[in-house]
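One line per chain: the protein sequences are A and B, in this order.
Okay, so the first sequence: first residue is 1 according to this note's numbering, each after it adds one.
Okay, so the second sequence: first residue is 1001 according to this note's numbering, each after it adds one.
None of these hints come from the bench; they were simulated from the model.
Cβ coordinates follow ideal geometry from the N, Cα and C atoms, glycine included.
Watch out, some of these pointers could steer you wrong.
Residues from chain A shown here face chain B by an in silico Cβ test under 8 angstroms; the list is partial [stated by the list, open to error]:
1. 55
2. 80
3. 91
4. 94
5. 108
6. 110
7. 138
8. 140
9. 162
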Amino acid sequence: MPVASAETLRALELSIGSLGQSEFRGQTRVVVAREQLAAAFTTLRDARGFDLLVDVTCVDYLNYRDAEHRFGLVYQLANVTTNERITLRVYLDEPDLTVTSATGWWEGANWMEREVWDMFGITFAGHPDHRRILCPDEFTAHPLRKDYPLQGRGERHNFPVLTRNQA
Amino acid sequence: MSLADSKIRTQDIAHDEQQDYLWTLNFGPQHPATHTTLRIVMKLEGERVVDAMPDIGYLHSGFEKIGESLDYNQYVTVTDRMNYISPTANNIAWHGAVEKLLGIEITPRCKYIRTIIAELQRISDHLLCNGAVGLDSGAFTFFLYAFNKREDIYDIMETLCGARFTHSYTRTGGLSQDFTPLVVEKIRNFCKTFPKVLDDMERLLNRNRIFVDRTKGVGILTREEALSRSATGPIARASGVTRDLRKDEPYLAYSDFDFTVPCMKQGDCFARYLVRQAEMRESLKIIQQAIENVPAGPINVSLDERMTLPSKKMVYMTIEGTINHFELAMTNRGFETPHEESYGAVEAPNGELGFYLVGDGTDVAYRARCRPPSYIHFAMFPHLIRGHTLSDVVAVLGSLNIIAAELDR
């Protein structure tokens, strides 16, 4: 997988300051502070041509060895002309789980961020349609968090029962 | 069949009380034309769709949560059930990502076999997708031609691994079965008969007035929108994005073969149909080149890697084989993974199918995120259908190739 070029990393460093840069299996990963995420998006999209948002996801590091933060958001970006790829990581801790929405830069972020909200409870500021997507609206938990058990907590029993006349 | 005029465009931002005359139609979750379980609530002005609100999650079964408790070899059975139209493509994507995390280089023979199977799955997926578009727009014969040929691919897979529908064909560092002469013969037969079927299919539909009228100019996605909305695969290529991971980031054995990436600029349903038809020809080219050049040698990585189960001969005749088998088969052992994270993606029939894996030392993933192309493509649906008529819904839905099992996971 093509790594991010030196120019991209330099441009990113100029806009957001020091990069927590690392590489693994040919992937360049950059740690971005939550406040600087918008600046990083603008630099990457407008100055470096990263026009494809491949994926937005989240990892809950609750029981992970040596983890310093609870949640890590992962943005996979690609430039379809030069085939560069870069991974942005944003670490979040409770209680403040709010981050800038990427929908202002890439419209494709809409459903990906809704899924992250649904599964992990991360709030995206400025998201146009901030609702659950896979779980029903009555659901209160965020099931991909590590403190949520594999077999559920019996949310089904608390769902309102609809009769044929109400439906 | 024309695009929305400006009057309709402005209506979707109008207030609710001004939309009283609009009619709300519920489409799905059980409907023959959704093909799978998904629901769309549409606001109609007469026959014209003013807005569409997809409602998904009916098939959500927590695949990513299950991935945190099944080991890397067990989880392959779950990936079968994501895009069940091309299950082995998912298997290859999953184990490609796992091998990337582990840093294993698979054997040349394994690479070739995986390439051939991945391309067969691409043909299978495109046949279903185009067949369903034909079926939904009234071309039933076309659908039968496509399905008849998919049966041959199921037959090949059954001969190869014993399963017709959910193959679970790959293993970490290798495959479950090697090619047999019968499989090679069946694939050669398929290569011989398939071009004629493709010709027949194209003669049936490419200049068919009804089909062209129903798909041309419907659901247009421009290049900028395709990129901004994260489209990949045939849908992006029908809009002029020349991105194909097989060429751009060659994986498996794709760099050895001569093939082209079909692209179009129109970005409508007809362009998506044509791109898929052309891709099947290219896939066939790859299979023809690969099947005659499969390298000899083992399909699994060597014993030293301690990843794949050794052969029975090794288990019974050598001490290394016995120990290795024991280490892998016991539930409290298994192989070690790095304390790292990686993203591995392949060009699945539907677009970029990637897995973001977090390893925590054990052989069970700490986090197994799937980047499902169907999910990302279905998000574009309201945008594509706005301003078109109700009968265009099935054409657009079919051309996006939404597989609800992958959509909801």
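Quiz item: Quick one, is the residue 55 of chain A hint okay against chain B at 8 angstroms, beta carbons?
Solution: Result: holds, 4 angstroms to nearest chain B Cβ.
Quiz item: Is the interface hint for residue 80 of chain A satisfied, with its Cβ closer than 8 angstroms to some Cβ of chain B?
Solution: It holds, given that the least Cβ distance between residue 80 of chain A and chain B is near 5 angstroms, below 8 angstroms.
Quiz prompt | Interface restraint verdict for residue 138 of chain A against chain B (beta-carbon cut-off 8 angstroms) | solution = 12 angstroms, violated
Quiz item: For the hint on residue 110 of chain A, does the least C-beta distance to chain B fall short of 8 angstroms?
Solution: Where the cut-off is 8 angstroms and the nearest Cβ of chain B is about 6 angstroms from residue 110 of chain A, the hint holds.
Quiz prompt | Hinted contact residue 91 of chain A with chain B - closest CB pair below 8 angstroms | solution = 13 angstroms, violated
Quiz prompt | Interface hint compliance - residue 162 of chain A to chain B, C-beta minimum distance less than 8 angstroms | solution = Interface hint status for residue 162 of chain A: violated (15 angstroms vs cutoff 8 angstroms).
Self-check item: chain B contact restraint for residue 140 of chain A - C-beta distance below 8 angstroms
Solution: 15 angstroms, violated
Quiz item: Should the hint that residue 108 of chain A touches chain B count as held when the rule is a Cβ pair under 8 angstroms?
Solution: Check passed: Cβ of residue 108 of chain A comes within 3 angstroms of chain B, closer than 8 angstroms.
Quiz item: Holds or violated: is there a CB of chain B closer than 8 angstroms to the CB of residue 94 of chain A?
Solution: 18 angstroms, violated
Violated hints, in rising order: 3, 4, 7, 8, 9; the structure is consistent with all others.
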